[in-house]
Every structure is written in structure tokens, then in C-alpha cells.
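Chains A and B, in that order, give the protein sequences.
Position 16 of the first sequence, counting from 1, maps to 16 under the working numbering, and the rest follow consecutively.
Position 459 of the second sequence, counting from 1, maps to 459 under the working numbering, and the rest follow consecutively.
Incorrect hints may appear among the rest.
Stated by the list, open to error - If the Cβ cut is set under 8 Å, some of the chain B residues that face chain A in the computed set are: (1) 78; (2) 81; (3) 85; (4) 107; (5) 235; (6) 260; (7) 279; (8) 366; (9) 378; (10) 381; (11) 460; (12) 461; (13) 474; (14) 476; (15) 479.
What the hints contain is simulated information worked out from the structure, not anything from laboratory work.
Every residue gets a Cβ at the ideal spot worked out from N, C-alpha and C, and that includes glycine.
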Amino acid sequence: MTHDLAMGGFTGLYIFMLAAFTGWVIIGRVPAILHTPLMSGSNFVHGVVVVGGLAALLNASTPLQQGIGFVAVLLGAGNAAGGYAVTDRMLAMFHTSDAKPATHRRHAKHSKKS
Amino acid sequence: MFALLPPLIIGAVDLAAAFLFMFGLKRMSSPVTAPSGIRYAGVGMIAAILASFLYVFSVDASARPHLAVNVGLAVVALVVGAGVAWLSGKRAALTAMPQMVALYNGMGGGAAGAIAAVELFGGRAHGPTALIVTLAGALIGAVSLSGSLIAWAKLDGVLNHPLRVKGLQIVNAVVMTALVLVGAVIVFSVMSTFNVVMAPPLWIYVFFGLALVFGVLMTLPIGGADMPVVISIYNACTGLAVGLEGYVLQIPALIIAGMMVGAAGLLLTLLMAKAMNRSVANVLFTKFGDEPKVAKGAVKGELKPTEAGDAGVFMRYAASVIIVPGYGLAAAQAQGKLYEFVKLLQASGVSVKFAIHPVAGRMPGQMDVLLAEAGVPYDMIFQLDDINDDFKTTDVALVIGANDVVNPAARTDKGSPIYGMPILNADQAKQVYVVKRGQGKGYADIVNALFYANNCNMVYGDAQAVLIKMIEAVRGLTSAAA
Numbered sequence: 001m002t003h004d005l006a007m008g009g010f011t012g013l014y015i016f017m018l019a020a021f022t023g024w025v026i027i028g029r030v031p032a033i034l035h036t037p038l039m040s041g042s043n044f045v046h047g048v049v050v051v052g053g054l055a056a057l058l059n060a061s062t063p064l065q066q067g068i069g070f071v072a073v074l075l076g077a078g079n080a081a082g083g084y085a086v087t088d089r090m091l092a093m094f095h096t097s098d099a100k101p102a103t104h105r106r107h108a109k110h111s112k113k114s
Numbered sequence: 001m002f003a004l005l006p007p008l009i010i011g012a013v014d015l016a017a018a019f020l021f022m023f024g025l026k027r028m029s030s031p032v033t034a035p036s037g038i039r040y041a042g043v044g045m046i047a048a049i050l051a052s053f054l055y056v057f058s059v060d061a062s063a064r065p066h067l068a069v070n071v072g073l074a075v076v077a078l079v080v081g082a083g084v085a086w087l088s089g090k091r092a093a094l095t096a097m098p099q100m101v102a103l104y105n106g107m108g109g110g111a112a113g114a115i116a117a118v119e120l121f122g123g124r125a126h127g128p129t130a131l132i133v134t135l136a137g138a139l140i141g142a143v144s145l146s147g148s149l150i151a152w153a154k155l156d157g158v159l160n161h162p163l164r165v166k167g168l169q170i171v172n173a174v175v176m177t178a179l180v181l182v183g184a185v186i187v188f189s190v191m192s193t194f195n196v197v198m199a200p201p202l203w204i205y206v207f208f209g210l211a212l213v214f215g216v217l218m219t220l221p222i223g224g225a226d227m228p229v230v231i232s233i234y235n236a237c238t239g240l241a242v243g244l245e246g247y248v249l250q251i252p253a254l255i256i257a258g259m260m261v262g263a264a265g266l267l268l269t270l271l272m273a274k275a276m277n278r279s280v281a282n283v284l285f286t287k288f289g290d291e292p293k294v295a296k297g298a299v300k301g302e303l304k305p306t307e308a309g310d311a312g313v314f315m316r317y318a319a320s321v322i323i324v325p326g327y328g329l330a331a332a333q334a335q336g337k338l339y340e341f342v343k344l345l346q347a348s349g350v351s352v353k354f355a356i357h358p359v360a361g362r363m364p365g366q367m368d369v370l371l372a373e374a375g376v377p378y379d380m381i382f383q384l385d386d387i388n389d390d391f392k393t394t395d396v397a398l399v400i401g402a403n404d405v406v407n408p409a410a411r412t413d414k415g416s417p418i419y420g421m422p423i424l425n426a427d428q429a430k431q432v433y434v435v436k437r438g439q440g441k442g443y444a445d446i447v448n449a450l451f452y453a454n455n456c457n458m459v460y461g462d463a464q465a466v467l468i469k470m471i472e473a474v475r476g477l478t479s480a481a482a
């Protein structure tokens, strides 16, 4: 791996700028009702840090680096998997008055019985 | 030829992953397309992780003898980390979402910090730019880790009271200055191979230690009601740290995902702060709740308690009801019972709407998620601006476990700490019922004039118990009539 910043300073900065603008514009239109899933969804997206953790761990050459690299992958994988699990769960619950998902049917049945 | 193939595949897959993240987040801007949005992003994630194993073909010469061990470690870390987090995410109660997000966010920050540590200890970051960017990512990642863990502890009830020590801001300033100095020493000593007092690795330990302490000190004084803003800030911080480490590692997918989340988190933070009519700096640095409270004598009238059953029957014969849920509803896990009650009212021809304040609960939008879990269709849920004019033509406002977001002092009392915060106009309804655990004040510890108003009655008790009584009372009417 090369670490002399082959992707020149300005190319990196352009990517920074465009990505930041993209995030700002995309999120600006999300209705308040979705703010929690959105936060946990974006939380999931930065779980991609696990890829960086893998790159670091695979290039580790001392026990110290291996140990820290292991922690990096462990935490990154947790970030990604956990973020996905909670976001998916929350999003599955949103529905309108017409379309009713499984959770709602269960509740309806329950209240009829009691 | 073969040597060129793996980097090419990694590049192509990462490009696709970056697209899927953007496309997925875009689809999350509507409740209809949102579930598919997270799945697109998920596909991108899995592809990026699998592709990154192709790095084995291009590892540093020094790491080659350790390759088998490293791959083994990577697989174990992936399986254990993802497995534990997946199970915890699937099992956690919906009311625990704020602390789960805080926890996963801290993990991401910790991962970014750990990557920086590997780069620094491995001495792979050479130039001043690479070193400074690595250190910046390390700092932000480590602060995000320890800060998120404190936020998690606060939300989970492990830490109950904001810790406020005099002079803490001075201590914070000292720690921050020390961090900048230690960072400068690391850059200087790595660049010049000249040891300042001690070898660079020791300074790196000091740097991480200080950064973790700084995250703890920053978060400890902030009260639970301000946690939505804090989680949002740390989410943005982790994104930024990931972006910076992506720059160091030369992985554009990390830069794009990280910066996108960083900007999104910043925007969300500003929206939250605006909803409370405070600046982000005010949330972080002022001791909210320590300011002078509304004088006891200033509030006229008295608290008028009423029975849950009576309130339930009153609502049954009302034409319209608006429900204002707050953190108390989440704490009592009463969202299911609430919707059961609402369905009874609807069956009797009562028009029912939900009014959500932007900062109700412990996370932006937490109430929306709770109501969705109970099965409430989202077209019954209205945000502040869309519903605030309806209160004056509504028969009953039912406030459950909310306090500061309906406090009229925000409109009138310039001395109140929440003065200027947009509130839900529950006090303008003809009749107001407030379901509350006890006579104590809200999380922000401010007297609420609404509770003393002539048109307001208090229903004391746990939200779940109160709603069960209301349901029984309304059912009793129906069966008596039949």
C-alpha cells in the first residue's frame, strides 16, 4: 500500500467538498418523521470504516498493530451490523392508514381478542 | 497483469458502494422508499467489505509474513463484531434506540481512532499532511468514542445526573491545548526523527489518552434532554473522522461515506438546535437548567388532579383530541396501550391526531418511531408547524409524558431558560389533560404554567397504568350501553 497521498491533496479536497454537499442536500429534504431512522441509517453508512480497519489490519506487522487493527475491525463491524439492524427494524414499522404491515396486524388481532 | 487486477476490482466495488450509499440515503427521504434505501446501502456495505479482502494481494512487505494470521484475525473480528452488534440491535427495545445508536456510533468513532493508531504506530504516515490528517481523525474518532459511551450511559440510566464542576470549561480548554501541543510534538518528532523528551510512540499513547478524557469531560455536563443534539453531533464527528482516515488510507469510499454523514449530521444538529431556539454552542457549553427558574409565586392557580377513568370518558365524548407524546411515554413503554385507547376513541367517532415536537424524546424523531411500532399510521402524525393552529379548535389536548415542549413560558416569560423555543400550543385546547408520573418538574427542571391553568387537569400515574384505566373506563361505557 502507498501512503504518500498518491491521490493528490486537491483531489481529496474535491471529494470532501462534493461528498459534504451531497450529504447536506440529501438530508435537507428528509421529513422530521424519519429523523431517527435517518440518524441511525447515516450511522450505519459510516460503518464503512470497517473497510479501512481491514486495510489497516491486513497491513499490520507487529503484535501491537495487529491488536489495534483487530479492535478497529471489531468496532467497525459492530457499527455497520448494529446500525443496519436497528435502522431496518425501525423502517419496517412505518406505514399509512391503508397499507398495514405485519406488526400492525398483530396489534389489531391482539386488541380484538382482549 | 494479475497484480493489477485486485486494486482494479477494489476500486470498482468501492465506487459502486459509494453510489449505493448515496442512493440509499436519498431513498430514505420518504417513508415509502426508506426500507429499500437502507437495503441498497446494505448491499454496498457487504460488497465493500468482501472486496477489501483483496488487499491481501497488495500488502506491505513487512506485513507479508503475518498475512495468514492477519486474515484470520480479520475474519474473527468481523464475525464477532457484526454478530454481537446484530443480535443486540435486533433484541433491543424500540424505546432503547437512542442509546443503541449512541453505542454503535461510538464503535465507529473507536474504529476510526484505532485505524489512526495503526497508521501512527506503523509509521506509515510520513508527510506532514498525512500526519496532521491522521491525528485529526484520531482526535475526532477518540472523542466520539468516549463521548458516545457517556451519552449511552446517560440515556441508558447508568449515569443519572449531569456532572457539573466549577471550572470544567477551563479544564476542557487546558486538555484541548495539550492535545494540540502533543499533536505538534508527534508531527515534529516523526518528521525530524528527533525525540522530544520521549519516543513518538509514547506521545501517541498520551495523545489518545487525552482525546478520550476530552470526550468524557465534554459530555458529562450535558443534561439528558439535550441528548438528541449530542448524539447528532457525535454522529457527524464519527463521519468526519471516517472521512479523514479514508483520506490517509487513500480509500475514496470512506471519504465519501464519512463526509456525507458528517455533513448530514451537522445539518440535523442545526435543525435540532433551531427547534430548541438555542445555538449548538449553547447546548454544549451552558449549564442548562442552572439558570434562574420561574419564581414559584409567578405561577397562578393550582394543580387540579383528576381520575384517569374520568378523563378517558371525557375524551370518548369529545369531537376531537390531539395527543402530545413525550419521553414519559417511551419510559413507560406505553405506546401500544396508547394506540389501543386511540382506536377505541376512533371507533366512537372521535377525530384523533398526534402532535410531535421536534425535540420530544431523547432523539430527533423518537416519538415517530415509537408510534410506528405501536402501529399508528404515519398520516395520523403531525409535526409542530402543521398542527399548531389546530389546537384552538380542538376539544381535548392529551399530554403524555411531555413537559417542556408544551410550556407556555417559552412564549411569554423572558426569564425562562426555554424562552423563545417553539412549543406545541396544547394550552389553547378547550380541555387539557396531562399524564405525569408525579408532581416533579420536567427534565429541564422548569415550572410549567400550563399545569396550573384553568383548563388543565393532571392525571398522575405511570403512563401505561393510566392508559389501561382509560381503556377500561371507555370499554365500560360501551358494554353498559349494549
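Hints, verified against the model:
Against a cut-off of 8 Å between C-beta atoms, the interface hint on residue 78 of chain B holds, since the closest Cβ of chain A lies about 5 Å away. The beta carbon of residue 81 of chain B comes within 3 Å of a beta carbon in chain A, closer than 8 Å, and the hint placing it at the interface holds. The closest approach between the C-beta of residue 85 of chain B and any C-beta of chain A is roughly 3 Å, which is under the 8 Å cut-off, so the hint is satisfied. With a cut of 8 Å, the hint placing residue 107 of chain B at the interface with chain A holds, because the nearest CB-to-CB distance is about 4 Å.
This hint holds: residue 235 of chain B has a C-beta 6 Å from the nearest C-beta of chain A, less than the 8 Å allowed. For the restraint placing residue 260 of chain B at the interface with chain A, the shortest Cβ-Cβ distance is roughly 4 Å, inside the 8 Å limit, so the hint holds. For residue 279 of chain B, the interface hint is violated, the least distance from its beta-carbon to any beta-carbon of chain A being 19 Å, above 8 Å. About 5 Å separates the beta-carbon of residue 366 of chain B from the nearest beta-carbon of chain A, less than 8 Å, and the hint is met.
Interface hint at residue 378 of chain B: satisfied, since its Cβ lies 6 Å from the closest Cβ of chain A, which is below the 8 Å cut-off. At a threshold of 8 Å, the smallest CB-CB gap from residue 381 of chain B to chain A is about 6 Å, leaving the interface hint in force. The interface hint given for residue 460 of chain B is violated, since its Cβ lies 25 Å from the closest Cβ of chain A, which is over the 8 Å cut-off. Because the smallest distance between the Cβ of residue 461 of chain B and any Cβ of chain A comes to about 20 Å, over 8 Å, the interface hint for this residue is violated.
Because the beta carbon of residue 474 of chain B sits about 13 Å from the nearest beta carbon in chain A, more than 8 Å, this interface hint is broken. Look at residue 476 of chain B: its Cβ only gets to about 14 Å from chain A, farther than 8 Å, so that hint breaks. Because the closest C-beta pair between residue 479 of chain B and chain A is about 13 Å apart, greater than 8 Å, the hint is violated.
Of the numbered hints listed earlier, those contradicted by the structure are 7, 11, 12, 13, 14, 15.
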